[in-house]
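Protein chains: 2
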Amino acid sequence: MLVITDPQKMRKYCASISRKGLSIGFVPTMGALHEGHLELVKAAKKRSDVVIVSIFVNPIQFGPKEDFKKYPRDIKKDAALLKKEKVDVLFNPSVEDMIPKDLLSYVEVGKMGDVLCGTSRPGHFRGVATIVAKFFNIIRPDTAFFGAKDFQQQAIIRKMVKDLDMGVEIVTVATVREKSGLAKSSRNAYLSAEQRAQAPALYASLLLAKRMIAAGEKSASKIIVAIKKNILSRTDFVVDYVSIVDSETFEEKKTIKRPVLIAVAAYLGKTRLIDNILV
Amino acid sequence: MLVITDPQKMRKYCASISRKGLSIGFVPTMGALHEGHLELVKAAKKRSDVVIVSIFVNPIQFGPKEDFKKYPRDIKKDAALLKKEKVDVLFNPSVEDMIPKDLLSYVEVGKMGDVLCGTSRPGHFRGVATIVAKFFNIIRPDTAFFGAKDFQQQAIIRKMVKDLDMGVEIVTVATVREKSGLAKSSRNAYLSAEQRAQAPALYASLLLAKRMIAAGEKSASKIIVAIKKNILSRTDFVVDYVSIVDSETFEEKKTIKRPVLIAVAAYLGKTRLIDNILV
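Residue numbers (this note's numbering), protein chains in the order written: chain A, 485 to 763; chain B, 485 to 763.
Same shape as in the complex, but just chain A (with noise of 0.2 Å):
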């Protein structure tokens, strides 16, 4: 596995890559690489012939009161995974080289940036939206994989590539979940044992609504407040928002048509946990 750091190696590389036929699989990261992101290296995998993973902890997309600082580091036990999975180019490089200190322009997405998770993150999709902008533009991949953990943000990367004409593929990969149904998440690493325990509560609610979907409630504000009540309430989880909303607009719903996206964000102490199922 090449590893490389500088972003002009990089476009090199990768140039030198399109220009032989053969087809680019990028997969973004932030490191703490758990099986979920081995799932985005899989379907990468299958899909192209070579495979670039980034592990870039990108401080634009963490708000000042956020976790940028303490987020888990571990470069070297990632890369043993990358190189397990066959990944052909492993793409590290510096905060000062990708976030120089005169940055003026970012990539804005609108009101998707703005809902959910935007609400209380203000600016988070901007950082997340530009960031990756410059990586497809540094690697001009074919394809682009990202989890559907994160559903917001590869809707938000979808809606930009088509905006601003990027050419990219991008392939959602379903959520990696433990036995107890909770989502692999690098931010899983702050539970204490306890919390851990209480944590499968936030896909016990996303199960619960859908039984009541299933059962013929068309009201959203009903199953809301029986996710909050039966069952986050029953727990330490401190409700950031629980939201019903149209899978590619993320305008509210007030009463169910299906599909809708489910989407919960809560914490656990100081640890944010989101989730989200599709119905």
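Please note that the accuracy of each hint is not assured.
Copies of the same chain look alike in the list, so a pair counts if it fits in one copy or across any two.
[What the hints assert, rightly or not] With a Cα cut of at most 30 Å, we get these calculated DSS-like pairs of lysine-lysine:
hint	residue 1	residue 2
1	595	738
2	549	713
3	549	595
4	553	595
5	702	754
6	646	496
7	737	585
8	668	493
9	549	646
10	568	737
11	549	754
12	560	493
13	585	646
14	496	526
15	646	553
Honestly, the hints are just simulated from the structure, not real lab data.
Fit chain B to the supplied structure of chain A, relying on the hints for placement.
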């Protein structure tokens, strides 16, 4: 000369050119071509294997009270001029294809877009940056050519390319002027005979600034007052701004320390003209 209107056809054509190892030079225009544009084409011909010129009157760079509807359009005349210059491809997409109604993603250029022309044209440079990013993503040129008359525009595009790692070389071509000194501009077509006789005062005001600086004047405000008082107030020009700024950051200069950009925008009737000089 090939004429392409479909962005997907344009993308495929450009990809096939790049795969052959040929370089692409790109000249984005809004049509109503004059000698200034043709100088861009000539520069592109010198440096590129294949030259692509776009003609697209971009609605998102016009304010609601600006001249989008009446902006001069003469595609037949323009196409004949480009053919004569041996341009390889004219890319002439529709507004519907380039700016669909559900467009949400934009490229923002921060404070560089909020000064000079950005003050009286809010959102203008966001519209310029976004459409140029879209063209760059479709065409993936090696080099793109911009005129120095729109100095702020080329500086912002340069910054966007650097910030977002677009990998396009930006070449700025000197302003083409009439014998009177008036900068060639598509908007000169709006001027009456009387206004046209007064229009060279804009460049004359820049030459006055240049002479004052050569003579040792260090005060930006004195130069600006002199321009307004001794030249522009003797015409029908209504000044939008006269500014002396850093040529890269566009920060206002109080004291002249070369190199500086002296930029002016003023209205003759409803027609807004701009000009600038690097001293």
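Going down the list of hints, with the structure as the test:
{"no.": "1", "hint": "595 <-> 738", "in the structure": "within (19 Å within a copy, 40 Å between copies)"}
{"no.": "2", "hint": "549 <-> 713", "in the structure": "within (29 Å within a copy, 52 Å between copies)"}
{"no.": "3", "hint": "549 <-> 595", "in the structure": "both (23 Å within a copy, 24 Å between copies)"}
{"no.": "4", "hint": "553 <-> 595", "in the structure": "both (28 Å within a copy, 28 Å between copies)"}
{"no.": "5", "hint": "702 <-> 754", "in the structure": "neither (34 Å within a copy, 56 Å between copies)"}
{"no.": "6", "hint": "646 <-> 496", "in the structure": "both (25 Å within a copy, 16 Å between copies)"}
{"no.": "7", "hint": "737 <-> 585", "in the structure": "between (41 Å within a copy, 22 Å between copies)"}
{"no.": "8", "hint": "668 <-> 493", "in the structure": "neither (33 Å within a copy, 41 Å between copies)"}
{"no.": "9", "hint": "549 <-> 646", "in the structure": "between (32 Å within a copy, 29 Å between copies)"}
{"no.": "10", "hint": "568 <-> 737", "in the structure": "neither (44 Å within a copy, 57 Å between copies)"}
{"no.": "11", "hint": "549 <-> 754", "in the structure": "within (11 Å within a copy, 49 Å between copies)"}
{"no.": "12", "hint": "560 <-> 493", "in the structure": "within (21 Å within a copy, 44 Å between copies)"}
{"no.": "13", "hint": "585 <-> 646", "in the structure": "both (29 Å within a copy, 13 Å between copies)"}
{"no.": "14", "hint": "496 <-> 526", "in the structure": "both (25 Å within a copy, 29 Å between copies)"}
{"no.": "15", "hint": "646 <-> 553", "in the structure": "between (33 Å within a copy, 26 Å between copies)"}
The structure fails hints 5, 8, 10 (numbered hints given earlier, in ascending order).
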